[in-house]
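Student: Residue-level listing of the chains:
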Amino acid sequence: MTAMNFTLEKLNNYQLFSINEERLDAHNSSALKDAILHVIEQGETQIIVQLEKVRFIDSSGLGALLSGHKNAAAKAGKLVLVSIQPQVLSMFELTRLNRVFEIYADLTEIE
Amino acid sequence: MNMPVLQVDVIIPNQTKYLDLIGSIGERIAKELDHYSGDKIALAYHLNLVLTEATANAIKHSKRNDPKDTVRILIHIEDRELNIKVYDHGQGFDLETVPLPDFEHPKADGMGLFFIRTFMDSVTYSKLPNSNVLEIIKYL
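Chains Y and G, in that order, give the protein sequences.
Counting from 1182, one number per residue, gives the positions in the first sequence under our numbering.
Counting from 28, one number per residue, gives the positions in the second sequence under our numbering.
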């Protein structure tokens, strides 16, 4: 099992995943996908993924976040993204996933 | 003025932990292209991404149960042509049957080849006698 370095904490009504990796790729994205799914299956469906430290994302990283978004939405919850680096954001824009996710500049913008 | 020839030939075990290494090589190469007139920071990200996606694809299609299996990545730059060849020993696949992502109904997989096609100028996949090769070209 590949390790994914992240912290998970409660923030108001949300479960906050802070990713402590520079890369989100095919090596570690399935671990993130599984961790998010685990939280959703425990009934926590309001999720924030903080991406400030992530400076590279590939298709599997986008896929892991999309999977989390779909799993949360299926249980009337949501998964939002904060603090995305510009080059990582450009991957969301290219795939039009910026229209799928709620994206915030920082945590203070989330109610 | 022509760019000097630059070639990097790497063989890695069939494991995703090496994606960082391969992507980083692409990023560093982009920064060494003194004669490239475009956005080098963007090119660095794109080469990192393309090499990561192509290598992950080769690992996915290789013989998963054989720990001795390897993926070879050959990067060659000459006369303003950047040529990447990624060799795998798997069953292979038909590049032409890989569809474009459905942006209105996005799925968690299937975006890798879209990225490669978007950022590079030519992509082909061929069967060789003892392996398959994904060949990617970008004109600098």
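Calculated from the structure, these hints are not laboratory results.
Just so it is clear, CB atoms sit at the ideal spot from N, CA and C, and this is done for glycine as well.
One thing to keep in mind: the hints can contain errors.
Beyond 10 Å from chain G on every Cβ pair, some chain Y residues (computed) [stated by the list, open to error]: (1) 1185; (2) 1207; (3) 1215; (4) 1225; (5) 1248; (6) 1288; (7) 1290.
In silico SDA-like links for lysine to any residue, alpha-carbon gap of 25 Å or less [claimed, not checked]: (8) G/134 / Y/1235; (9) Y/1256 / G/129; (10) Y/1251 / G/159; (11) G/165 / Y/1234; (12) G/134 / Y/1192; (13) G/134 / Y/1285; (14) G/44 / Y/1188; (15) G/44 / Y/1224; (16) G/165 / Y/1236; (17) Y/1234 / G/48; (18) G/134 / Y/1292; (19) Y/1234 / G/43; (20) Y/1256 / G/165; (21) Y/1234 / G/136; (22) Y/1234 / G/135; (23) G/87 / Y/1186; (24) Y/1234 / G/56; (25) G/134 / Y/1224; (26) G/58 / Y/1236.
From chain Y, some residues computed to sit far from chain G (all C-beta separations above 10 Å) [claimed, not checked]: (27) 1194; (28) 1195; (29) 1219; (30) 1259.
Student: Hint by hint, say whether it matches the structure.
Tutor: A quick look at each hint next to the structure:
1. 1185: For residue 1185 of chain Y, whose nearest Cβ neighbour in chain G is about 12 Å away, the distance exceeds 10 Å, so it holds.
2. 1207: Non-interface label fails for residue 1207 of chain Y: nearest chain G Cβ at 4 Å, not farther than 10 Å.
3. 1215: holds (13 Å)
4. 1225: holds (20 Å)
5. 1248: For residue 1248 of chain Y, whose nearest Cβ neighbour in chain G is about 5 Å away, the distance does not exceed 10 Å, so it is violated.
6. 1288: Answer for residue 1288 of chain Y: holds, closest chain G Cβ roughly 25 Å.
7. 1290: holds (24 Å)
8. G/134 / Y/1235: holds (22 Å)
9. Y/1256 / G/129: holds (24 Å)
10. Y/1251 / G/159: violated (35 Å)
11. G/165 / Y/1234: violated (29 Å)
12. G/134 / Y/1192: Violated - the C-alpha atoms of residue 1192 of chain Y and residue 134 of chain G are around 29 Å apart, more than 25 Å.
13. G/134 / Y/1285: holds (22 Å)
14. G/44 / Y/1188: holds (21 Å)
15. G/44 / Y/1224: Not OK: residue 44 of chain G and residue 1224 of chain Y at ~32 Å, beyond 25 Å, violated.
16. G/165 / Y/1236: holds (23 Å)
17. Y/1234 / G/48: The hint holds at about 18 Å.
18. G/134 / Y/1292: Between residue 134 of chain G and residue 1292 of chain Y the Cα gap is close to 28 Å, so the pair fails against 25 Å, i.e. violated.
19. Y/1234 / G/43: Since the Cα atoms of residue 1234 of chain Y and residue 43 of chain G sit roughly 21 Å apart, the hinted pair holds (cutoff 25 Å).
20. Y/1256 / G/165: violated (44 Å)
21. Y/1234 / G/136: Between residue 1234 of chain Y and residue 136 of chain G the Cα gap is close to 23 Å, so the pair holds against 25 Å.
22. Y/1234 / G/135: With Cα atoms ~22 Å apart, residue 1234 of chain Y and residue 135 of chain G stay inside 25 Å; holds.
23. G/87 / Y/1186: holds (23 Å)
24. Y/1234 / G/56: holds (23 Å)
25. G/134 / Y/1224: The hint holds at about 23 Å.
26. G/58 / Y/1236: holds (17 Å)
27. 1194: With a cut-off of 10 Å, residue 1194 of chain Y remains clear of chain G, as the shortest Cβ separation is near 26 Å.
28. 1195: Holds: least Cβ distance 22 Å, greater than 10 Å.
29. 1219: holds (17 Å)
30. 1259: holds (16 Å)
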